[in-house]
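K.L.:
Going line by line, the protein sequences match chains A, B, C and D. In terms of this note's numbering, the first sequence has 357 at position 357, counting the first letter as 1, and numbering is strictly consecutive. In this note's numbering, each residue carries its 1-based index in the second sequence increased by 1000. In this note's numbering, each residue carries its 1-based index in the third sequence increased by 2000. In this note's numbering, each residue carries its 1-based index in the fourth sequence increased by 3000.
A couple of the hints might just be wrong.
[Said to hold, decoys possible] Here are the simulated SDA-like cross-link-like pairs (lysine to any residue), alpha carbons at most 20 Å apart as the crow flies:
#1 LYS64/A / PRO377/A
#2 LYS361/A / ILE1066/B
#3 LYS3030/D / ILE1066/B
#4 LYS2145/C / ASP332/A
#5 LYS307/A / ALA2025/C
#6 LYS3026/D / LYS64/A
#7 LYS2145/C / ASN2095/C
#8 LYS196/A / ASN3016/D
[Claimed, not checked] Cβ-to-Cβ under 8 Å is the rule here; a few derived chain A residues that face chain D:
#9 THR47
#10 ARG147
#11 CYS160
#12 ASN167
#13 GLU199
Derived by calculation from the structure, the hints in this document are not laboratory data. Glycine included, C-beta positions come from ideal geometry on N, C-alpha and C.
Residues per chain, in single letters:
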Amino acid sequence: MTDLLLSQVKLSGESQFGTDEYVVNMGPQHPATHGVLRLIVKLDGETVKETIPVLGYLHRSIEKISENRTYPQCITYTDRVDYVSAMSVNLAFALATERLMGIEAPARAQWLRMVFVELQRLASHLLWMGAFAGDIGALTPFLYGLRERERILDLFEMTCGQRLTYNYIRIGGVMIDVLPEFVPKCRAFLDYFEPKIAEYEGLLTYNPIFLERTKGVGVISPEVGINAGICGPSLRGSGVSCDVRKQQPYLFYDQVKFNECLETAGDCWSRYKVRMNEMRESISIIRQSLDRLEPGPIEAKMPPVLKAPTNSEIYSRIESSRGEMGVYLVGDGTAKPWKVKYRCASFSNLYLLDELTRGWKVADIMAVLGSLDMIVPEVDR
Amino acid sequence: MLTGENIVQLVSGLLHWAYAQAGISSLAGVIDPIISAVVMFGFIAVFVMFLVWMERKVSAHMQSRIGPNRVGPLGLLQTVADAIKLTIKEDVKPVNRDKVPYFIAPIVAFVATFMGMVVIPFDKGVVVQDLNVGILYIIAITGFTVIAILTAGWSSNNKYALLGGFRSAAQIISYEVSLVLSVVPIIMITGTLSLSGIVEYQKQAGYWFILPQIVAFLIFITSATAEANRAPFDIPEAESELIGGFHTEYSGVKFAMFFLGEYIAVVVSSAVAVTLFLGGWLPLPYLDFLHIPGFVWFLAKLLLVIYLIMAFRWTFPRLRVDQLMDFGWKVLIPISIINILATAVVWFCLYGKGAQ
Amino acid sequence: MTNDELKSKLEADFKDQVQSVVVTAQKELVITATVAQYLSLCKQLRDKSGYEMNHLSSLTAVDYPKENKITVVSHLWSYKNCFQLTVKVDVDRGNSSIPTLFGIWASANWFEREVFDLYGVVFEGHPNLRRIMMPDDYQKFPLRKDFADDGFIVKPS
Amino acid sequence: MGIVRYFRNILAGLWNLLVGLSVTTKYFFKGTTTQQYPEERLPLPVRSRSMIKLIYDDEKDQFNCVACLMCMKACPNSCIKLEGVRQADGKRRMTTFKLDFSTCIFCGYCVEACGFDALTFVSEEYENSVYKRGSLLQDEQAMKWVRPHSPAAEAAPIENTAPATAGAQS
Chain A
1 MTDLLLSQVK LSGESQFGTD EYVVNMGPQH PATHGVLRLI VKLDGETVKE TIPVLGYLHR
61 SIEKISENRT YPQCITYTDR VDYVSAMSVN LAFALATERL MGIEAPARAQ WLRMVFVELQ
121 RLASHLLWMG AFAGDIGALT PFLYGLRERE RILDLFEMTC GQRLTYNYIR IGGVMIDVLP
181 EFVPKCRAFL DYFEPKIAEY EGLLTYNPIF LERTKGVGVI SPEVGINAGI CGPSLRGSGV
241 SCDVRKQQPY LFYDQVKFNE CLETAGDCWS RYKVRMNEMR ESISIIRQSL DRLEPGPIEA
301 KMPPVLKAPT NSEIYSRIES SRGEMGVYLV GDGTAKPWKV KYRCASFSNL YLLDELTRGW
361 KVADIMAVLG SLDMIVPEVD R
Chain B
1001 MLTGENIVQL VSGLLHWAYA QAGISSLAGV IDPIISAVVM FGFIAVFVMF LVWMERKVSA
1061 HMQSRIGPNR VGPLGLLQTV ADAIKLTIKE DVKPVNRDKV PYFIAPIVAF VATFMGMVVI
1121 PFDKGVVVQD LNVGILYIIA ITGFTVIAIL TAGWSSNNKY ALLGGFRSAA QIISYEVSLV
1181 LSVVPIIMIT GTLSLSGIVE YQKQAGYWFI LPQIVAFLIF ITSATAEANR APFDIPEAES
1241 ELIGGFHTEY SGVKFAMFFL GEYIAVVVSS AVAVTLFLGG WLPLPYLDFL HIPGFVWFLA
1301 KLLLVIYLIM AFRWTFPRLR VDQLMDFGWK VLIPISIINI LATAVVWFCL YGKGAQ
Chain C
2001 MTNDELKSKL EADFKDQVQS VVVTAQKELV ITATVAQYLS LCKQLRDKSG YEMNHLSSLT
2061 AVDYPKENKI TVVSHLWSYK NCFQLTVKVD VDRGNSSIPT LFGIWASANW FEREVFDLYG
2121 VVFEGHPNLR RIMMPDDYQK FPLRKDFADD GFIVKPS
Chain D
3001 MGIVRYFRNI LAGLWNLLVG LSVTTKYFFK GTTTQQYPEE RLPLPVRSRS MIKLIYDDEK
3061 DQFNCVACLM CMKACPNSCI KLEGVRQADG KRRMTTFKLD FSTCIFCGYC VEACGFDALT
3121 FVSEEYENSV YKRGSLLQDE QAMKWVRPHS PAAEAAPIEN TAPATAGAQS
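So that you can see chain A by itself, here it is in the shape it has in the complex (with noise of 0.2 Å):
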């Protein structure tokens, strides 16, 4: 990295007034790279020639850490993958470690999982959504956005104890079964949900400089798109059916009716549109699975000590919020992975940020990087 900034220094031979390149080193602190990413960005102007992000300010180890944790242990180690939706790749990693082992989790332990999961989606998009129009300008929703995220966290504090780090979906089941004040709470809070949805679109959809904002900008075309291994909602947003719910579903997520949301124009704005839809559809998930959810166990019968099967390995994927969360598990007949290995949306979403930006302008790079939905834990892991 040194040689590049330092390659930036010489003066053009040619001419004694040669210009140079503007090298602007975004990060590690800065306000919108939402965490310790680093952008080194040359502008020419305010017009962007490139952008070259660089990763690992945040790199936990948390693959290697695993290896040496035994597979519960490794659920506490999947909340701090993507700390905003730690849900999500809880339901991944157990997800893996069951179909790793055979495993079947009852069936009230999956409705609940379908519960929390989605309303984890609703916390992350809200976060989401908040951080994305900070980025833009308005700060305004994301006060907002934080101030309904507080309810969601309310209940999951309620059932698990815990607000941002869950450790409630484990191998087999749940932690803990619901409180019976939970599903009336959790039908209380769609409800006052649901409008909100609209107030944040008052505020930005049709907003006419939001709307110049991201209209056109950031445009994926699907080949690209699939090419470049993005994923998730930001996929969504160019017109590719991709969503795992409906592609490879696990849970019971073929047994409720949902739409996948789809935006053809794939820039800035349909990405936000995916996610403000799927807002509302995971309010229907949650309404669904509420009303299956029956009484029964929480958790398979299982084997105290687990151990995965000698050479069996197994890569599981599902849709966390920011996109397709895959977990490849290594079994060797210990009660320790041989290897983990965390395929995160961000990670390959943000793969296309320079591409995208490449002869924006530098306030694109922040609507770009806020509509592809990052979380630097996930990226760096």
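Take the given structure of chain A and dock chains B, C and D to it, following the hints.
P.N.:
Relative to chain A, chains B, C and D alone:
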């Protein structure tokens, strides 16, 4: 009856009596402006502190928060505490700064905007200097801010600050045009450049200019927001892109001066908007029997306009720099030119040669 | 299409281009190939009708120090046909080198950089093979099993 | 037509700006949702994983812990250190118990693994900030907690219903 004019006469009478007692009556021409400047400075300092508090309260309540509420009743003294903190804070300076411009820039930013206050009529006769070219003066003086901001951005030796300075230069110069053009119809109608004269015209005409000139009012508010570097036109200091823009490297008192300057710019442009479009110190129609002093009306209208500008800031996203230029040159300026033509045609049809 | 049908289809279509096609106990379809077969196999998997594995879901590696090999594992997914394939290639631990998939799936760029960073597998033809997570001047490959952890990793008692 | 569209766009833009302003104005006149923390304290849910405590049986005048080391094995961060001795009556008793809260992530595995009702979460005590890092290393005296005898508090914060696999692994 309590009016602003009476108070001014009383105070100036007292002063001149005091001069006579002290035997310095011949120096009245020198001391009077100094005293009015000091009074104006004191007023503006207190008012801006109130505005900062108000902005925090307004934004807080818009966002379902409470806002400052610890220092003083309702947190009113919070800004005083912040001002003290900024004053006694260490002044962190970049090593490779350009020393003289770096030092001068905040002073220019503050003084330039503050000088605009000189011609604002708070009430009939309550004005520091009632220039007969008041509008011209204000537009000329507020144009100085761009020099301050560009100097600050350049001398800070910081890439974000430089970008912010450039953006500011482009922005303020573009929006100056539409600002002036939106004022032109008023000048055409009234035939005067004096702010007091314009208010007097509205008094005689019996209507405020916001009614026939709503388009000009909207353009003026928009351009004034942009002139003051306020969101949604705050691209020179866009914190999600440029950290702090031109004042990234400023701290302590120097930062406070930029901050103060920004708020004074808001006050000045809102005051001009009130004077031009909302009838200045004139009472609301049918409410003049209340005998509320004119400066109270003026301040009430001023706060209303400032609230509007604050509501803009906390509701709208920020424009991109090229879109800002597009908006200025392709929307505001054409419309204000059309507005000028339309005003000219309509007034010619109504009054023949012109209002005079 | 069930995995077994797919397996026989794969075996028919890629007879001498793969080493083995296995359906694992976890009901996953795993193709094992050699380094020489790897690139053309992946290209055909992407382009051949009936497969169209247009999504490289993940690319990683697994270290097997006892067998002195590192297995590069790619997980492919077809958005069109909705099935998953795993492609495994063994490379030598000491002198690991494997062609890059960047020309087939652009998403392989960062995945391969990560594998290079953490395992030291060299991807030939990669446009920008630098470390991605660790500092540029870092010498070790942390996810290898023989990584001396310098006491950074607390092992549970 | 271009001119008509030009003006229509401007008017539509103005209208949508007003829609946005109406939302913020509505909340401007609505109440706030903030809690003033040090003065207003919300009761935490009973299941809240706020602080780990060692249950002390004041009738028997001893800790419930028998030093079976299950919590130590369950802990993913190995932040629990404890020792025990076999007493004269043949039963094991805990002698020292140390929990390093600077590495504890409050996952709850230790509480779930405990089969002797010796560890518990309490929801009342959640202000865990300290001035010195050293004071995060708590011993059995700092973590001593006597269960209140009121029936309302009998419900344990987290019942021991979690997967049994949480502990019992090495």
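K.L.:
Given the hint that LYS196/A pairs with ASN3016/D, test it: the Cα-Cα distance must not exceed 20 Å.
P.N.:
Answer holds: LYS196/A to ASN3016/D is near 17 Å, not above 20 Å.
K.L.:
Would the pair LYS3026/D and LYS64/A pass a check requiring their Cα atoms to be no farther apart than 20 Å?
P.N.:
Violated, at about 51 Å.
K.L.:
Would you mind confirming whether the straight-line C-alpha gap from LYS3030/D to ILE1066/B stays at or under 20 Å?
P.N.:
Holds: LYS3030/D and ILE1066/B sit about 11 Å apart, inside 20 Å.
K.L.:
Starting from LYS2145/C, check that the Cα of ASN2095/C is at most 20 Å away, please.
P.N.:
With a Cα-Cα distance of about 16 Å, the restraint between LYS2145/C and ASN2095/C holds, given a limit of 20 Å.
K.L.:
Is the interface hint for CYS160/A satisfied, with its Cβ closer than 8 Å to some Cβ of chain D?
P.N.:
7 Å, holds
K.L.:
Does the closest beta carbon of chain D sit nearer than 8 Å to the beta carbon of GLU199/A?
P.N.:
5 Å, holds
K.L.:
Take the C-alpha atoms of LYS307/A and ALA2025/C, compute the straight-line distance between them, and say whether it is at most 20 Å.
P.N.:
15 Å, holds
K.L.:
At a threshold of 8 Å, is the proposed contact between ASN167/A and chain D supported by beta-carbon distances?
P.N.:
Cβ of ASN167/A sits 5 Å from chain D, so the hint holds.
K.L.:
Taking the closest Cβ pair, is ARG147/A under 8 Å from chain D?
P.N.:
6 Å, holds
K.L.:
Given the hinted pair LYS64/A and PRO377/A, is their alpha-carbon gap at most 20 Å?
P.N.:
Holds - the C-alpha atoms of PRO377/A and LYS64/A are around 15 Å apart, at most 20 Å.
K.L.:
Against the 20 Å threshold, does the CA-CA distance of LYS361/A and ILE1066/B hold or violate the hint?
P.N.:
36 Å, violated
K.L.:
Grab the minimum C-beta distance from THR47/A to chain D and call the hint holds if it beats 8 Å, violated otherwise.
P.N.:
26 Å, violated
Violated hints, listed in ascending order, are 2, 6, 9; each of the other numbered hints is respected by the structure.
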